[in-house]
Structure formats: C-alpha cells, structure tokens
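Per this note's numbering, the sequence shown runs over residues 2 to 314.
Hints in this document: simulated from the structure, not taken from any laboratory.
Treat each hint with caution, since some may be false.
Derived pair list, reagent style DSS-like, types lysine-lysine, alpha-carbon separation capped at 25 Å [what the hints assert, rightly or not]: (1) K73 to K92; (2) K28 to K73; (3) K73 to K228; (4) K92 to K28; (5) K159 to K92.
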Amino acid sequence: MKGWFMSSYDAEGLAALLPFPQVNAHKYSRGKLLLVAGSRPYPGAACLAAFAGERMGAGYTEVYTHADNVGKLQAYRPSLVVRSWDELLSKDTLLASREGRPCAYLVGSGFDGTDSQSAHLLLHVLRNAEAPVLVDGGAIAALSVTAARALCRARHEKGLVTVVTPHSGEAAVIGRPLGLSGLPQVDYAEELAWEYGAIVVLKGANTVVSDGEHSFAMTEGTAALAKAGTGDVLAGMIAALLAQGLDPLDACVLGATLHARAGVAAAVQLTDICVTPEDVIDAIPAAVRRTVEMSLEAVRMREAAEAASAEEA
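Sequences are here, hints too, so could you generate the full structure?
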C-alpha cells in the first residue's frame, strides 16, 4: 500500500460538479463522446452505454461499432452518429480534446474479450487519442498485455487521462500479471491505479474510485444494480462527464454516485427485483434532481445552525 487516504465530497460539493449547460452552449461545447463498443454478438452494450452518455449530458454522441451493428444502433436511437470500426482504424489521428470543444473516448462496452480485434482497437485508441479514455468491459482484459500497460503509463506521463472500470473478476485479470491478489478492495484499486497510471473505478456492492493517491468509497448502491448491462450504463455516464470536461476524479465520483442514486430511484418505483439497465438510464434525471435537493437541504441546515449560533452569541 502506497499511502492512500480516503477522501469525500459533501452534498454541496457534489452538486456543484453537475454540468448544467451555459445559456450560450452548443453541442460541441457540451462535449463529444466517442464510443468504440459493441462486438457483433453484443450490440446491446453499445446501445446502453451510448444512451446513458446522452442522458448524462454529452452534447454529441458518436459510436464506432462492428459493421453488422451499425444499422441496429441507428434504429435504436436516431440521435446517435454511428460508424463502423473500420472507419476508426483508418484514422492515424483521432479527435483531440481542446478548450471549448472537449471530448472523451469509451472503449470496450460489449467487446468480446477473447477477440484479437478488441485488443487492436484498444491499442489504437490509447496510442492516438489525445483525450480522456475510459476502458470498460471486454477491453479491460487487453490491459493485461504489457504493450497496453505501457501505453497507459505513457499517456499518464504526457498528462493524458485513462480511466479503467473493472468489476472484481476483471480486476483480478489485470492484476494477476502484477502479482496482485488477496488485497482489500481499496488497496487493490490503489495498486492498479499506480501500476497503470490510471484512475480505477473498482465496482462492487460498494464502488471504490482511486487514482493511487486519493481514494473514495461509494456506499449508496443497491442490489437492484446487480444485473448485466448496468456496468455499461455506468461507463457511459462517467465517459459523458469526462467528455464535458470535468476533472477526471470528479467525473468518476459523480458518475458512480449518480449511477447508484439512479438505481435506488428506479428500485423505489419498480422494486429491486424488476429494475433493468434501461430503467437506470431513465432514472438518471431523478438522481440529478436528488443531488440538487440534497445540496439545498445541506445549505438550509448549515444556515439554520449558523443562525442558532448567532442567537446564542
């Protein structure tokens, strides 16, 4: 363990991160989210991640997917711009994030982790994208390859952000080459973050976010989220916040918190049994509203305490 310390956000601080658009905003100033997602058998994961990204505020959402899935995604949501993987691989220079026109990449939702093309796509983005890159799903296994780990470290040294969002099984795969095993969740996340030069969002009943120095435990989750596809929703939410230019740690903490609150909000209406990933996406607005309400409640309580203290004085 390298000396992590637990940190936290209060209700006001968390609400202040919400990316409400300015009155003069346009689709590009609100961030472009580029997803490289959806192998031939798993177009649904790309759909979930992209829809969650739109719902979380990304101004322009573009998906690169398996050629057989292009029409399926276009039919699912006409607001998505959908292209094939071949178009992405033909580009030596990828869109860079810049002031006033931020962007971010999400790679891996719906990837087949045993497919060599998954690793090829991941390496292409890590090597060429001068923007935040979130690695999720089937692309995570490819990080265990030395070349991918070296690219993550090189990105870190250049000041480029990489976020990795494994569940415990995926974390074990990328931790095995490093000799990591048997560590508590926070320690494991911190070690992975150090070794990869990345921010790690280690998912579980409680989700831990760590950049290797600062760690945050998210404890608002619900068993309703224990379903296939909710991880794709989380990845889309965090990637959308990165695309809108949020500080990377802030984006991960806010995204994980809103994801948990959306799960809770959906379960209130539907019960823990009946919630689906689509329901979680539909509940994102309720999670945003709840976050604002909690901030206002905190302000009222603080002002009441200050008034009472002044009266006593």
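Does the structure break any of the earlier hints, and which numbers would those be?
none
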